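With chain A fixed as given, assemble chain B onto it according to the hints.
2 protein chains.
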Amino acid sequence: MKVLLVFAHPESRSLNGALRDVAIQELEAQGHAVCVSDLYASRWKSEVDRADFPLLAPDARLKPAAASGAAFAANALTEDVKAEQEKLLWADALILQFPLWWFTMPAILKGWVDRVYAYGFAYGVGEHSEKRWGDRYGEGAMAGKRAMVLVTTGGWEEHYSARGINGPIDDLLFPINHGILFYPGFDVLPPFVVYRADHLNDAAFGLVAERLRDRMRKLATATPIPYRRQNGGDYLIPSMQLRPELGDPGATSFALHRNGAATGDPASRPKGR
Amino acid sequence: MKVLLVFAHPESRSLNGALRDVAIQELEAQGHAVCVSDLYASRWKSEVDRADFPLLAPDARLKPAAASGAAFAANALTEDVKAEQEKLLWADALILQFPLWWFTMPAILKGWVDRVYAYGFAYGVGEHSEKRWGDRYGEGAMAGKRAMVLVTTGGWEEHYSARGINGPIDDLLFPINHGILFYPGFDVLPPFVVYRADHLNDAAFGLVAERLRDRMRKLATATPIPYRRQNGGDYLIPSMQLRPELGDPGATSFALHRNGAATGDPASRPKGR
Chain A
128 MKVLLVFAHP ESRSLNGALR DVAIQELEAQ GHAVCVSDLY ASRWKSEVDR ADFPLLAPDA
188 RLKPAAASGA AFAANALTED VKAEQEKLLW ADALILQFPL WWFTMPAILK GWVDRVYAYG
248 FAYGVGEHSE KRWGDRYGEG AMAGKRAMVL VTTGGWEEHY SARGINGPID DLLFPINHGI
308 LFYPGFDVLP PFVVYRADHL NDAAFGLVAE RLRDRMRKLA TATPIPYRRQ NGGDYLIPSM
368 QLRPELGDPG ATSFALHRNG AATGDPASRP KGR
Chain B
128 MKVLLVFAHP ESRSLNGALR DVAIQELEAQ GHAVCVSDLY ASRWKSEVDR ADFPLLAPDA
188 RLKPAAASGA AFAANALTED VKAEQEKLLW ADALILQFPL WWFTMPAILK GWVDRVYAYG
248 FAYGVGEHSE KRWGDRYGEG AMAGKRAMVL VTTGGWEEHY SARGINGPID DLLFPINHGI
308 LFYPGFDVLP PFVVYRADHL NDAAFGLVAE RLRDRMRKLA TATPIPYRRQ NGGDYLIPSM
368 QLRPELGDPG ATSFALHRNG AATGDPASRP KGR
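Keeping their order, the protein sequence lines are chains A and B.
Take 128 as the starting number for the first sequence in the working numbering and just add one per residue.
Take 128 as the starting number for the second sequence in the working numbering and just add one per residue.
Just chain A, with the same shape it has in the complex (with noise of 0.2 Å):
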């Protein structure tokens, strides 16, 4: 496989840094071909502003969303853009890398989903009808490719459990998993997460590293998150609303988009299939 991974962690002599290269190692080791996006070594710019699109006028009033689909189909958006749009479409795999900072990536990965992530090419496409509602959730130009996150905090597994203070971490990951990756058609995998990340002497490291190593070897064949596919039917169409006999009745907010009985989770099994 062909594996993108995106780095974005200021310093290469960190734990990030250290665990990008056990898994660029492994991924190796096992045949892929690894590219690596660091977004600090490349200085990569965060914010979505005029400079993003050439062709418009310096007068004319900066509509984010029209301006990247004009800039798109013009093939006018930025080098720096165009270049991870084709890395994106060369890959097979998608790993982004970051340190959970206030519990979402850090402000220059968002800046590169901000940016690099057009209208017409990660959203705004597909036909909407009584049948589709655009190429999304599960389809679009990213089918057919894998994604993961690849995680480090500092805070206690504990207090990211299922009662833990700060939410469960799938759920805080839910809008980068669900909103982000499987959205332009990602099949998502189970994030990697490393809890206690400024505590970690060379033994629990070194277990760590096991870890990803496995997870690395199993990036081709591990089994996705089962978000529900947005037009395979258990949605209204137009409202997007989960249909009234699917879903755990006791299932709220992120879970009810799992399809439980994929994989016999019970807290989000559907009624009546």
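Warning: the hint list may mix true and false statements.
Calculated pairs, DSS-like style, for lysine-lysine (alpha carbon to alpha carbon, straight line, at most 30 Å) [said to hold, decoys possible]:
1) B:K209 to A:K172
2) B:K345 to A:K172
3) A:K190 to B:K172
4) A:K214 to B:K172
5) A:K209 to A:K172
6) B:K190 to A:K172
7) B:K129 to B:K258
8) A:K190 to A:K172
9) A:K209 to A:K190
10) A:K209 to B:K172
11) A:K214 to A:K190
12) B:K345 to B:K214
13) A:K172 to B:K129
Residues of chain A clear of chain B, computed beta-carbon distances all greater than 12 Å [said to hold, decoys possible]:
14) L132
15) R338
16) R355
Read the hints as simulated data drawn from the structure, not as lab findings.
The structure displayed is predicted, hence computed values, not measured ones.
Here a beta-carbon is modelled for each residue, glycine too, at the ideal position from N, C-alpha and C.
Only chain B this time, still in chain A's reference frame:
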């Protein structure tokens, strides 16, 4: 009251710009003092990097939290960051205004959080013991102040409803409301959300503006979201898990961290109280 409005849209002639002006006008009409941090206009730097920590030796490994704490303690953060911290300390209320991009804030606003929320200022403060786990989640430097988000999204309200495919808006905003605002001590007001932002005609804008003016008139008096205080007895220490007897047995995920007893919300009413 003194109100800080942090504005994160690249175009002043936008719906966001118009709503910002409506908010400011109403707040000033009510006698409040308003300070605006226009992140794009001030060319805010989004990335946490070495340049943020002038005291760090050129060859020293950058550990972001440690460097942030050392710089804050030495009053050696950069001037742009110090100015924003001063504004936060000045303000009685904070409004974060942004378009929802990929289900969270734009990179430039995340960069404001990442950089302004220094260690020792917004986190890493307070006693850790058997009774307390730092000053966070309801306590901290922002205690006694109010905060809310003002957000626009291109999507439909139904798509962000309880069973909508995007996930419920309150849950998508939880990492911001709970993780970024409640964490350093703000009382968090319900969000102000505008849907289908690209399709507002004049009449619809008038209704939105009136709704916003009403919210601004109630900024000082509206009831905050009843998040549970970390050190108020609801959580086990140090695992920071909600005590087993609290929260509705069927409630999961983020809803557990609201105290339903405070509002009569049956979905999260604690048992045995």
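Going through the hints against the structure:
no. : hint             : verdict
1   : B:K209 to A:K172 : holds, 23 Å
2   : B:K345 to A:K172 : violated, 38 Å
3   : A:K190 to B:K172 : holds, 22 Å
4   : A:K214 to B:K172 : holds, 26 Å
5   : A:K209 to A:K172 : holds, 13 Å
6   : B:K190 to A:K172 : holds, 22 Å
7   : B:K129 to B:K258 : violated, 34 Å
8   : A:K190 to A:K172 : holds, 19 Å
9   : A:K209 to A:K190 : holds, 20 Å
10  : A:K209 to B:K172 : holds, 23 Å
11  : A:K214 to A:K190 : holds, 26 Å
12  : B:K345 to B:K214 : holds, 22 Å
13  : A:K172 to B:K129 : violated, 33 Å
14  : L132             : holds, 19 Å
15  : R338             : holds, 22 Å
16  : R355             : violated, 8 Å
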